[in-house]
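Colleague: Put the complex together from the two separate chains, hints included.
Line order of the protein sequences matches chains A and B.
So the first sequence is numbered by this note's numbering: it starts at 1 and just counts up by one.
So the second sequence is numbered by this note's numbering: it starts at 292 and just counts up by one.
Treat the hints loosely; a few may be bogus.
Distance condition first, Cα-Cα at most 25 Å in a straight line; then the derived DSS-like pairs of lysine-lysine [to be verified]:
id : chain 1 : residue 1 : chain 2 : residue 2
1  : B       : Lys355    : A       : Lys243
2  : B       : Lys655    : A       : Lys144
3  : A       : Lys10     : A       : Lys197
4  : B       : Lys421    : A       : Lys79
5  : A       : Lys223    : B       : Lys421
6  : B       : Lys663    : B       : Lys562
7  : B       : Lys493    : B       : Lys471
8  : A       : Lys223    : A       : Lys243
9  : A       : Lys91     : B       : Lys435
10 : B       : Lys403    : A       : Lys243
11 : A       : Lys91     : B       : Lys327
12 : B       : Lys372    : B       : Lys351
13 : B       : Lys471    : A       : Lys76
14 : A       : Lys79     : B       : Lys531
15 : A       : Lys43     : A       : Lys10
16 : A       : Lys243    : B       : Lys378
17 : B       : Lys389    : B       : Lys562
18 : A       : Lys79     : B       : Lys403
19 : B       : Lys595    : A       : Lys243
20 : B       : Lys435    : A       : Lys58
21 : A       : Lys7      : A       : Lys197
22 : B       : Lys293    : B       : Lys388
23 : B       : Lys531    : A       : Lys243
24 : B       : Lys327    : B       : Lys355
25 : B       : Lys372    : A       : Lys243
26 : A       : Lys76     : B       : Lys403
27 : B       : Lys655    : B       : Lys644
28 : B       : Lys595    : A       : Lys76
29 : B       : Lys293    : A       : Lys243
30 : A       : Lys76     : B       : Lys293
31 : A       : Lys243    : B       : Lys421
32 : B       : Lys562    : A       : Lys243
33 : B       : Lys346    : A       : Lys243
In case anyone wonders, no lab produced these hints; they're calculated from the structure.
Computed from a prediction, not measured in an experiment: that's the story for all the values here.
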Amino acid sequence: MSILINKNTKVIVQGITGRDGSFHSQQMIDYGTNIVGGVTPGKGGQTVLGRPIFNSCKEAVAATGADVSIMYVPAKFAKAAMIDAATSGIKLLVAITEGVPTLDALEAYELLTAHGVRLIGPNCPGLITPGECKIGIMPASIHKAGRVGVISRSGTLTYEIVNELTNAGLGESTCIGIGGDPVIGSKFTDLLPLFEKDSQTEAIVICGEIGGQDEVEAARYYKEHMTKPVVGFMAGLTAPPGKRMGHAGAIVGGEDDTAASKIAKMEALGVPVARLISDVVSLVERKLGVS
Amino acid sequence: MKLHEYQAKALFREVGIPCPADRAVSTAAEAVEAAKALGLPVVLKAQVHAGGRGKAGGVKLVSKLEDIKPTAEKILSLTIKDLPVRKLLVAPAAEIKKEVYLSILIDRGTRKAVFIGCAEGGVEIEETAKTNPGAILRYEVAAKELQTLQHAKVMPFALKLFSNPKQAAEVADIMVKLAKLFADKDASLIEINPLIADGHDKIIALDAKMIVDDNAMFRHAELEPLRDMDSENQDELDAKAQGLSFIPLDGTIGCMVNGAGLAMATMDTIKHVGGNPANFLDVGGSSSPDKVVAAFRLILKNPKITAILINIFGGITRCDDIAKGILQSLEQMNVPVPIIVRLVGTNEEQGRKLLEGTKLGTAKSLVEGARKATELGGRA
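Just chain B, with the same shape it has in the complex (with noise of 0.2 Å):
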């Protein structure tokens, strides 16, 4: 899950990490006021789930005070890659003497948490690793160590980054709060681009990135509540309340799998053999019939459909569990487009014997089940 800047900023001063004095704002009156109190140049920024927001003019520096009203208003009204602006931060324009690029993530190749370093700050850092790798630092971090970081140890660090002693140990502290705040919170990412000397010399977060780690969720009840509904999807939402894995596509063939790697070469396989997907869902393991018949409903919720596919590899999903499911959500729903159903694995010749005298087109293999969806439901 995705934090806003606002939010993350929130935590940061819970935990003592210096952030401007910028304020969240959800009107352009709120706005006013904010920078009334704050003084003087300010810049508005947009809170969004979407990159490149400053290219989409959802950042401002605004420096007379009557021109925060239509400048927040123009904001505020913006919508960027489809997700609406619903609130504003309005920070002071802070004095840049140096910044940096800071952040801690879980790193998959090394199995740790590392701090990611940068002294050329404010740039796209996957693009300076391309370009420059020597540029990058890296400090590996434990996952037991993340509580109980010592300041000494990321000190040589801190000082490539601020070569100045006072400020490389103010860097330090961060990076020591940053690794409690990341364990604490389940994190698997912070980032802070830029982290600057301001104008007297103290470092401070200008900015802020967060993401939590979704399957730590059910432990962090505190964090549901920053959850930005407009950029989730309602239909992955309830999907994943009924323990599925959903994402809409663009296409008209129905994929119902499970697994999520199946799900994925479903889709790569309808798409080769010339259909196109609507959707990747997987219905994951152990799979009760209620779950088939959930996902049946959400197939159908598209009114571009027009054909199902049904690829089911039993391991810890049950063959037989799949086709009581089946059979339940043809009871209880009219499906008006044909369905394809491949049932191989666990259980197979008990969920066979169940779908025995449907319909049902059935079929041996993925890409004979790919061809008959495609052949049905027609090219995209």
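Only chain A is shown next, with the shape it has when bound in the complex (with noise of 0.2 Å):
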């Protein structure tokens, strides 16, 4: 078991004619997953990776059964890609473009899951299934399927805690990077009901940093509603006030949002949250009992 992904998922890439998303086409093929299309306006008839382009995701979704799309596509065309997706029949849309305004970021939200679109992102590596399905740009070769949940605002931030997992043996049944904008079409708490009914995890590890409450939220959502364990690791201890720190959302505006308060809330509320990277593997191997 695993969620949202798993072998039998099949996928369309919209912008998969450019170098970002044609190389990492090339990878998810090379992965194993199961890439039916692509998608690109005015290039429909085209063939890439030899994979039949369309011009629109109802097209393609038509033609091809597709149930998940991934999306490259540049900032400035990323709403009427998103919006192009939301009435194409497919199930969830994972948004990897950085730079998307955040009122389009809203509004294609709102018209997807009007049609009952999932949509993880914008600006996220995507998700991982490991040995089944990876629809994303994260390094497939660290990922090991196995019993660990992953959450995380953070794409590189992911692939740190990912590698230690994997080394240390407890592999991963599904890893989500969110996203590090403001407004993200999943958070921490849209995700954790999954993996707490997902028999094959057995802890999560939430990845978040500075801005926002999503952290405390979760942490809240896990005393209140879970049975697995979850731990934390947050960014940005050394973070000063005011700046952006890369991701449009990692900003700290008032107390609430610096790392060090949202560490201290999640811990009271019983999620432990690592001061190193290198100690979230520990954390959950005393969570699991394993030593």
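Modeller: Pasting the structure below:
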């Protein structure tokens, strides 16, 4: 078991003809992901990486029966691409694109939700169920099927934690990068219930950063609704206030947004937070009774 | 991007949100002219992107004409939180019968735009939210409704701010216009604190604060001239122009990392092992070798640098691109401090091969890299 995606998932790629889109599509194909087509408006009828290209998601879904789309299109065109995806019949949209205007993301999120499409991202690395399906830009080699679910606001930070989980022999059930923007389609609290229900997942790591209260809400959700252990990591203890630290959503607005304040609240709600990335694994092992 | 009060009010006037007849000036002489035209008393308000300008002496009520020039000169000579005061707003001293708080912003939690109101105006809204959360009013607006918000829908909210129906109708009108302005300009915050009923019982925006979404600036060329270069760090701007994200800090160990979260965690780790990071630097995804060269130039501009830690966990970033960039940098410039490189992830093998035979220090993990950089660069 896993959540959201598995070996039967059929994937289309919006923006498959771009530099990053084609590079990472090839990587996904190499991993065994069932990429059934691509979407680039105006390039319908062509073939890229041996896959048919369509002018719209609707055409692509009609022709291939895809259930997930992954999107690499530039930020300026992201809203149009997300709206295209919303009405196409897919169930899950993974928006890799960085720099999407917040109001575009909001509007697209509303439309996607109205059509029953779950959005992951934007500004995220995607998700992977190791050994079955990779829909994203994460390096495949560090993942190994296993017991721990991972949800993270940061891409490369997730890889660090995954690497440690894999090296420790724990492995991962599904890893999801939810994105670093202020408005994202799936938050920790949207995904924790799925991991709680998933029979393969025994513990969950949530990896957060400064800005917003999502990690604290996740800890509250854990305390009120979950039986599986959740441990955390929080980036940005040394971040100065008022500065946007790369991610649009990573900014300390008020005292509540700081890493230290969030760590204190999470720990009070029963979610221990590692101070170093390399301590995440030992926290998970302690929760699982592994030494 | 933050707008100054006078800039936000100019946008308010364009859409018909009532403001005082205030004027922005750059010199004491202009302040005197403005005060004469507006009539005394006036309030002189420093236009800087810093909170607490009143406490810093940047806001003064002046009743006598002869006091305008010295007061204006004094405020224009101020530096508030490292920012020089270059403009003043000369505002007629309004009679305030009642003042409230009104803003519209993106609520990350509910993923909606939301109006925030508080009938106790002129206050620190974050403080009120903690001490008296019941006093905070909320009205959520879906993104697609921002352009077409109905007056009648926001009337109940407005009536909670001003119980007089005529005044509430004026507030509702302002809310409709604010929502449209918010959407048209891709704002992430517009705040009116205070929104007042003046001596004639008219509702006006006495102050204005506005922040525009940086991600949307590509479609707002008209706002670009409003950028206050004083409040921007030149290195940060240069970095941005090259697709990097850079923020200077006060330490000695230069950092070059891919990904914002990992860049923060790298800083945190350096601090944890006893060092002190000199900067936040995210080379971003799909890094070309050129970006690495640009990153080196930025880091080396800081004379306090004693070591550089390059921490790359390749995903969309390819380790061979980074390695090529490191080699190009070493050819193009003198790097007088030790460099520790940690490369993991996409095209890791190709990247490591490229760096074989160089004198660069290497590390297998982030903690090891941070320790080595701190040992070589010294503790802060």
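Colleague: Now look at each hint and say whether the structure bears it out.
Modeller: Do the hints match the structure? See the list:
With a CA separation close to 41 Å, the supplied pair B/Lys355 and A/Lys243 exceeds the 25 Å bound. Our distance criterion of 25 Å between C-alpha atoms is met by B/Lys655 and A/Lys144, whose separation comes to about 19 Å. As the CA atoms of A/Lys10 and A/Lys197 are separated by approximately 23 Å, the hinted pair is consistent with the 25 Å bound. This hinted pair does not check out: B/Lys421 and A/Lys79 have alpha carbons roughly 36 Å apart, beyond 25 Å.
At roughly 23 Å between alpha-carbon atoms, A/Lys223 and B/Lys421 fall within 25 Å of each other, so this suggested pair holds. Our distance criterion of 25 Å between C-alpha atoms is met by B/Lys663 and B/Lys562, whose separation comes to about 13 Å. Under the criterion of a C-alpha separation no larger than 25 Å, the hint pairing B/Lys493 with B/Lys471 is consistent with the structure, at around 22 Å. The straight-line distance between the Cα atoms of A/Lys223 and A/Lys243 is roughly 32 Å, outside the 25 Å bound, and the hint therefore fails.
Among the hinted pairs, A/Lys91 with B/Lys435 is consistent with the structure: their alpha-carbon atoms are about 22 Å apart, no more than 25 Å. Straight-line distance between C-alpha atoms of B/Lys403 and A/Lys243 comes to about 23 Å, which keeps the hinted pair within the 25 Å bound. For the proposed pair A/Lys91 and B/Lys327, the alpha carbon gap of about 65 Å is over 25 Å, so the pair is violated. Taking the CA atoms of B/Lys372 and B/Lys351, the gap is near 18 Å; set against the 25 Å cutoff, the hint holds.
Only pairs whose Cα atoms come within 25 Å are accepted, and B/Lys471 paired with A/Lys76 is accepted, the gap being roughly 21 Å. Only pairs whose Cα atoms come within 25 Å are accepted, and A/Lys79 paired with B/Lys531 is accepted, the gap being roughly 23 Å. A distance of roughly 21 Å separates the Cα atoms of A/Lys43 and A/Lys10; the hinted pair therefore holds under the 25 Å criterion. Note on A/Lys243 and B/Lys378: the hinted pairing holds, with a Cα-Cα distance of about 24 Å set against a maximum of 25 Å.
A distance of roughly 49 Å separates the Cα atoms of B/Lys389 and B/Lys562; the hinted pair therefore is violated under the 25 Å criterion. The suggested pairing of A/Lys79 with B/Lys403 holds, with an alpha-carbon distance near 16 Å, which does not exceed 25 Å. As the CA atoms of B/Lys595 and A/Lys243 are separated by approximately 21 Å, the hinted pair is consistent with the 25 Å bound. Taking the CA atoms of B/Lys435 and A/Lys58, the gap is near 22 Å; set against the 25 Å cutoff, the hint holds.
Restraint check for A/Lys7 and A/Lys197: satisfied, since their Cα atoms lie roughly 19 Å apart, inside the 25 Å limit. Using a Cα cut-off of 25 Å, the hinted pair B/Lys293 and B/Lys388 is violated, with the two alpha carbons roughly 30 Å apart. Annotation: proposed proximity of B/Lys531 to A/Lys243 holds, straight-line Cα distance about 14 Å (limit 25 Å). At most 25 Å may separate the alpha-carbon atoms for a hinted pair to count; B/Lys327 and B/Lys355 meet this at roughly 10 Å.
Taking the CA atoms of B/Lys372 and A/Lys243, the gap is near 15 Å; set against the 25 Å cutoff, the hint holds. In summary, the hint linking A/Lys76 to B/Lys403 is supported, as the alpha carbons are separated by about 21 Å, within the 25 Å threshold. With a C-alpha separation of about 15 Å, the suggested pair B/Lys655 and B/Lys644 falls inside the 25 Å cut-off, and the hint holds. Proximity of B/Lys595 to A/Lys76 is assessed by CA-CA distance (about 39 Å); at most 25 Å being required, the pair is judged violated.
Proximity of B/Lys293 to A/Lys243 is assessed by CA-CA distance (about 12 Å); at most 25 Å being required, the pair is judged to hold. Between A/Lys76 and B/Lys293, the direct Cα distance comes to roughly 22 Å. Compliance with the 25 Å bound is thereby established for this hinted pair. Under the criterion of a C-alpha separation no larger than 25 Å, the hint pairing A/Lys243 with B/Lys421 is consistent with the structure, at around 24 Å. Taken as a hint, the B/Lys562 and A/Lys243 pair is honoured in the structure, with Cα atoms around 19 Å apart against an allowance of 25 Å.
A distance of roughly 23 Å separates the Cα atoms of B/Lys346 and A/Lys243; the hinted pair therefore holds under the 25 Å criterion.
In summary, the structure is inconsistent with hints 1, 4, 8, 11, 17, 22, 28 from the numbered list given earlier, while agreeing with the others.
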